[in-house]
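Asks: Dock chain U against the given chain D, drawing on the hints supplied.
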Amino acid sequence: MMDISLCVKRPSWLVDRKRMRMASNSQWLLLTAVLLYLTNQVNSQKKSTPHDLKCVTNNLKVWDCSWRALFGAGRAASYEVCIEKRSRTCYLLEKNTTIPPLLPGHYEITVHPLYEFGSSKSKFILNEKNISLIPETPEILNLSADFSTSTLHLKWNDKGSVFPHYSNVIWEIKVLHKKNMEIVKLVTYSTTLNGRDTIHHWNWTSDMPLECAIHYVGIRCYIDDPQFSGHKEWSDWSLLKNISLPPDSQTKVFPQDKVILAGSDITVCCVTQEKVLSAQIGSTHCPLIHLDGENVAIRIRNISASASSGTNVVFSVEDNIFGTVVFAGYPPDIPQKLNCETYDLKEIICTWNPGRPTSLEGPRSTSYTLFESFSGKYVRFKGDEVSANENYQLFLQILSSQEIHNFTLNAQNLLGQTESTLLVNITEKVHPRIPTSLKAKDINSTAVILSWHLPGNFTKVKLLCQIEINKTNSEHELRNVTMRGVESSNYLTTVDKLNPYTIYTFRIRCSTDPFWKWSKWSNEKQCLTTEAIPSKGPDIWREWSSDGRNLIIYWKPLPINEAYGKILSYNVSYSSDEETKSLSEIPDTQHRAELQLDKNDYIISVVAKNSAGSSPPSKIASMEIPNDDLKIEQALGMGNRILLTWNYDPNMTCDYVIKWCNSSQSGPCLMDWKKVPPNSTETVIESDQFRPGVRYNFSVYGCRNQGYQLLRSVIGYVEELAPAVAPNFTVEDTSADSILVKWEEIPVEELRGFLRGYLFYFEKGERDTSKIMGLEPGRFDTKVKNITDISQKTLRIADLQGKTSYHLVLRAYTGGGMGPERSMFVVTKENSEGLIIAILIPVAVAVIIGVVTSILCYRKREWIKETFYPDIPNPENCKALQFQKSVCEGNSALKTLEMNPCTPNNVEVLETRSVALKIEDTEIISPVAERPEDRSDAEPENHVVVSYCPPVIEEELANPGAEGGGASQVIYIDVQSMYQPQAKPEGELDSDPVGGAGYKPQMHLPVTSTVDDLDADDDLDKTAGYRPQANVNTWNLVSPDSPRSTDSNSEIVSFGSPCSINSRQFLIPPKDEDSPKSSGGGWSFTNFFQNKPND
Amino acid sequence: MSGALFSLSWNGTEPAWLKNWRIQSGASGFRKSEPGRSGQEARGWGALIPPLLFPPEDPQADSSASPLPHLEAKIQQTHSLARLLTKYAEQLLQEYVQHQGDPFGLPGFSPPRLPVADLSDPAPGHAGLPVPERLRLDAAALAALPPLLDVVRRLQGELNPRALRLLRRLEDAARQVRALGAAVEAVLAALGAESRGPRPEPAAAAVAASTASAGVFPAKVLGFRVCGLYLEWVSRTEADLGQLAPGGPA
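Residue numbers (the UniProt record's numbering), protein chains in the order written: chain D, 1 to 1095; chain U, 1 to 250.
Keep in mind that the hints were calculated from the coordinates and are not lab data.
These numbers come from a predicted model, not from an experiment.
Check the hints yourself; a few may be wrong.
Here are a few chain D residues that sit away from chain U, every Cβ distance over 12 angstroms (derived from the structure) [claimed, not checked]: (1) GLY195; (2) ASP197; (3) VAL253; (4) THR284; (5) ASN662; (6) TYR761.
Per label pair, the in silico range of CB-to-CB distance [to be verified]: (7) D:GLU475 <-> U:GLN91: 51 to 61 angstroms; (8) D:GLY376 <-> U:ALA214: 57 to 67 angstroms; (9) U:GLY108 <-> D:ILE289: 18 to 28 angstroms; (10) D:THR149 <-> U:GLY108: 55 to 65 angstroms; (11) U:ALA214 <-> D:THR149: 14 to 24 angstroms; (12) D:GLU182 <-> U:ASP121: 28 to 38 angstroms; (13) D:GLU428 <-> U:GLU90: 55 to 65 angstroms; (14) D:SER278 <-> U:ALA214: 30 to 40 angstroms.
Every residue, glycine too, gets a C-beta built ideally from N, C-alpha and C.
One chain only, chain D, in its complex shape (with noise of 0.2 angstroms):
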């Protein structure tokens, strides 16, 4: 801002006044008065003089003053006004005027009014600082639209040759829209003033399509004069011009068929006289932003990348649609993988991947232009030529001078560019394409010519061709041929190292050197080479007939490989030192010969022969070396191979061979052959025509001195399986306790491998049962027998059961497993031997004990007779006569004899008058059970009785069981009445020391207790002899071994010692030899050793 000081010299009254005040208080009233008085006398004064001088530029070449004067001032329209510093320079001037710009500095400025009455002088001080600088108003050249790309072009002029010196200036734009008029851009833009007029343009792009609504634009500036010390204002704005609609527009909709880049924003309108009632991108309604009159617009953020056909954006009034297009999408993608080469060296073929898609297509998608910057040649290539899976790529012709290019790609679309760059040796760059016409000529058995045809220019460079040589069954073989670039395109080298008639197939591959890449493969061309001869003779073997005076003579075909053509035929020829003859030649289907050759050595010549010529002789010997250390040996094989070994022999200077063939073929056995070198000691013998469970003949000869000794014969197996049937059995013979089986070998052919022995099972089974079924080994009953002996071929089984059917069941087994079963019933014999032995042994078993203890009996009788049967008993042995404390005591149930004095009453003396009755059996008899009525009645005639009448004691006579008794008496009862009788020759019944005298035994057993018996008791009580004191009818015989003990109800009968009633002892006679056995039911062995002495 300007500050003036206006300097007016002050009044003299105005310093008296501020000394009164000083003086007095009471007169502040009329001070006060009067100082309004004087005041409005001052300012009347004032007003009437220049006043408020300021001072402004817009150019900095003359400065703009101008003043103030009330009363008149102005209209007196002519000062003078002088500036004053170190000079005084005055001018006559109006009221505003300008002056020319001053130094800085102050000055003095007095501007006197000229013919006006009353007024003053006045003085300012005026500096630059004071003065302010205000540009002219800019002025708006010109304002255009481009609608396509809703940008406005603004056009003014700086007016910068009234500028003295360079400036800085700052425009400011600002455009506005009618509605409302609000200021949708305010910017600001800097220039310089140069002392020239220069005119400016502004551009500016509108987010809105400027169809959509008028477009205001004013602009102001401010300049920015370093050299200016004073105030800098803004100019005031210029004149706002629009842009208006293209009258002729009829697109109710804007943009058209705008092309944005995705994910930015755009605003769309509608210009329409009617109301929109919607608006909508693809399927989504946009919210109405209202713009003058009806027209409408929407904003749409972010919009995502269009489909080919673009995004529609659609305004929907009542009747009618309006839309629009927009195309949103990507810029052009940097070219990658850019890469140029050449396929002949005529044209360069340049191709890349254009990258992320920028989803723009027809008119709009990209194009790329190829520029080679050495040659300035260029080539343009639109995006959409090609189908989005196909390469892009242009074509550009070859200079032939140039082999380095700098190519440059660039890609362009409506939303950017991008290039990519790359440089290259042409020559370096070939690719060359397919050969063609390749063909192929023999020279000979092993070369053959091939040519092709490759098209290009290649004469700058080198070519590298690879063949490829294949044969049948063999692996294919490259080679590399190199070769100078013709013009004719045509090449052709030679491929030589081949084999003689055989088909080869060909083909070919060329690339250029540096190698860059291969062509593709030219078709394949067969040719065939011509024949030579074979390069070996056939593989011979030979084998003496089986009568031994021919010699057959085989030999292989020879294979294409060494036959190196067809094989016409064969020609044989033997030698001997003193004879070489030849047979007639062999047609090529026979491979084999016979000869009949005398004793001599001979030597074997087999030659083939194709067209080309006759093979190397093949030879061999007719002699061969015995062996007389041969064994057969046993091999077994894997799959359809099998490994045959043998010792080193030094001296085998020639070759193996091993032959072999099927064993169970007849006749001369040959298969085939092998040979191997002379320092083996192995081979594998592998036959597609080996089978499993085929036996093999495997003979292994050695070579030397031009003959072949057998050293080997190995039988074998590739593989063994289970025989394919049981072996034939046969019983042989068949016992009652055994079995004898017999069976036979199984045929080689049946066998299928090696036999390793049989299985043997037998149980007790009948034919036609469920048991049978399931003989197994496992079972319980079942009895296996292993023969591991393959040797043996019979089988005796035994500890068998007569009479009983036995199920046979046989089986064999080889390495390869079990074979088949087969089985057979057998029923073994009858043991009639058996039985009668089992009835001989017991009978002569119980004989000869009989025979021993008649012995024994006999032998002992003097001590049986002593111990059981003494002449005169011994009391102290006798029980009757123990005297036991229980007994003494008068145990009543004892009834043993008492040691009470015994005053006999009545003695009856009983002798043997006649012979005891003779033994008719050695049976034991009871004579108690068997003979109670023989003994009644040969007792009266045997045997004589003496009375002998003890005394009687009372307390016994009190015994209920001597009721019967009566009275008390002695009887002597021969001992040999008990028994049975027993048959005794008459001499030593003579002999008989006891006779009718001596002891006899107190005790007289009654047969029975039966009443009946009591006669027989009476008639012996009548006898003389010793007789028991007691009355035996009260015995109770206790004994188990009685049989009648166990009789309860019986009545009770009891015999034994006479000296006690409880003795189950007999009294046996003395040298009674014969005498009878105790039956079962009262004697028995044990008894008789029981009291045994100890003698």
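Replies: Same frame as chain D, but now just chain U:
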């Protein structure tokens, strides 16, 4: 058989040859009605053959050389072609909207049926016209369609250059509609109702091209409209020919 009879007449007057030939609708097609004789006896397409085209039948002539089956076959073939093109047109319209983006494929989207030069909508009022007259209108519309379809094909070629099936369908449609138009013309000629003189050079292409230059969206709408008209006209042609075809409603 309904037994209802109506006459074929157009231009207000019935041709003289047709007066003796009456068409009876029904499954058996058309038959000649003869005085004093039941129409049941004169069945077949010979009833449609005008005497001018085909001279009166010579009793001595070989019946196999009669042209009547030829017209019958021609109508049948044309009707079959129209039916086939109707199906193709449906597929074309469906394919077209698929490639224009929303809202073209959305249900309810129906831009105003703006007039297309030389090609009007099949008006419902045409239903009352005689079949030959309807066929003549059909032929005129079918003749106007190919250039419009070509324009659409060109526009779509720029807009959807990779939509090969759509482009092929558009090409096929233009060719097929020409064939159908020619076949209809032939039927009309066989019926003695040839179209009225040479048609003016169709301005449809120029107008369509100018419409297309207005922007992509109007071009899409134009294509949509042309495809719709194509469907409507071949469908109507099929229906009109169906009235002549054996078994169709008379």
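Asks: Honestly, do GLU475 (chain D) and GLN91 (chain U) meet the 51 to 61 angstroms range at C-beta?
Replies: Roughly 56 angstroms apart at Cβ, these two residues keep to the hinted range, so it holds.
Asks: Would you assess whether ASP197 (chain D), listed as outside the interface, keeps its beta-carbon beyond 12 angstroms of every beta-carbon in chain U?
Replies: 43 angstroms, holds
Asks: Say whether it holds or is violated: VAL253 (chain D) keeps its Cβ farther than 12 angstroms from all Cβ of chain U.
Replies: Its Cβ does come within 12 angstroms of chain U, the nearest being 7 angstroms, so this is violated.
Asks: Verify the CB-CB distance for THR149 (chain D) and GLY108 (chain U) against the hinted window 55 to 65 angstroms.
Replies: At roughly 35 angstroms between Cβ atoms, GLY108 (chain U) and THR149 (chain D) fall outside 55 to 65 angstroms, so the hint is violated.
Asks: Say whether it holds or is violated: ASN662 (chain D) keeps its Cβ farther than 12 angstroms from all Cβ of chain U.
Replies: Answer for ASN662 (chain D): holds, closest chain U Cβ roughly 71 angstroms.
Asks: Okay, SER278 (chain D) versus ALA214 (chain U) on CB: inside 30 to 40 angstroms?
Replies: 22 angstroms, violated
Asks: Return holds or violated for the Cβ distance of GLY108 (chain U) and ILE289 (chain D) against the range 18 to 28 angstroms.
Replies: Holds - the Cβ-Cβ distance for GLY108 (chain U) and ILE289 (chain D), about 25 angstroms, lies within 18 to 28 angstroms.
Asks: Just tell me: holds or violated, for the beta carbon distance of GLU182 (chain D) and ASP121 (chain U) against 28 to 38 angstroms?
Replies: 47 angstroms, violated
Asks: Can we confirm that no CB of chain U comes within 12 angstroms of the CB of TYR761 (chain D)?
Replies: Nearest chain U Cβ is 83 angstroms from TYR761 (chain D), so the label holds.
Asks: Do the Cβ positions of GLU428 (chain D) and GLU90 (chain U) conform to the proposed distance bound of 55 to 65 angstroms?
Replies: This hint holds: roughly 59 angstroms between Cβ atoms.
Asks: Cβ-Cβ distance between GLY376 (chain D) and ALA214 (chain U): within 57 to 67 angstroms?
Replies: 41 angstroms, violated
Asks: Far enough from chain U: is every CB of that chain over 12 angstroms from the CB of GLY195 (chain D)?
Replies: The assertion about GLY195 (chain D) holds, with a minimum of 50 angstroms to chain U.
Hints 3, 4, 8, 10, 12, 14 from the earlier list are contradicted by this structure; the remaining hints agree with it.
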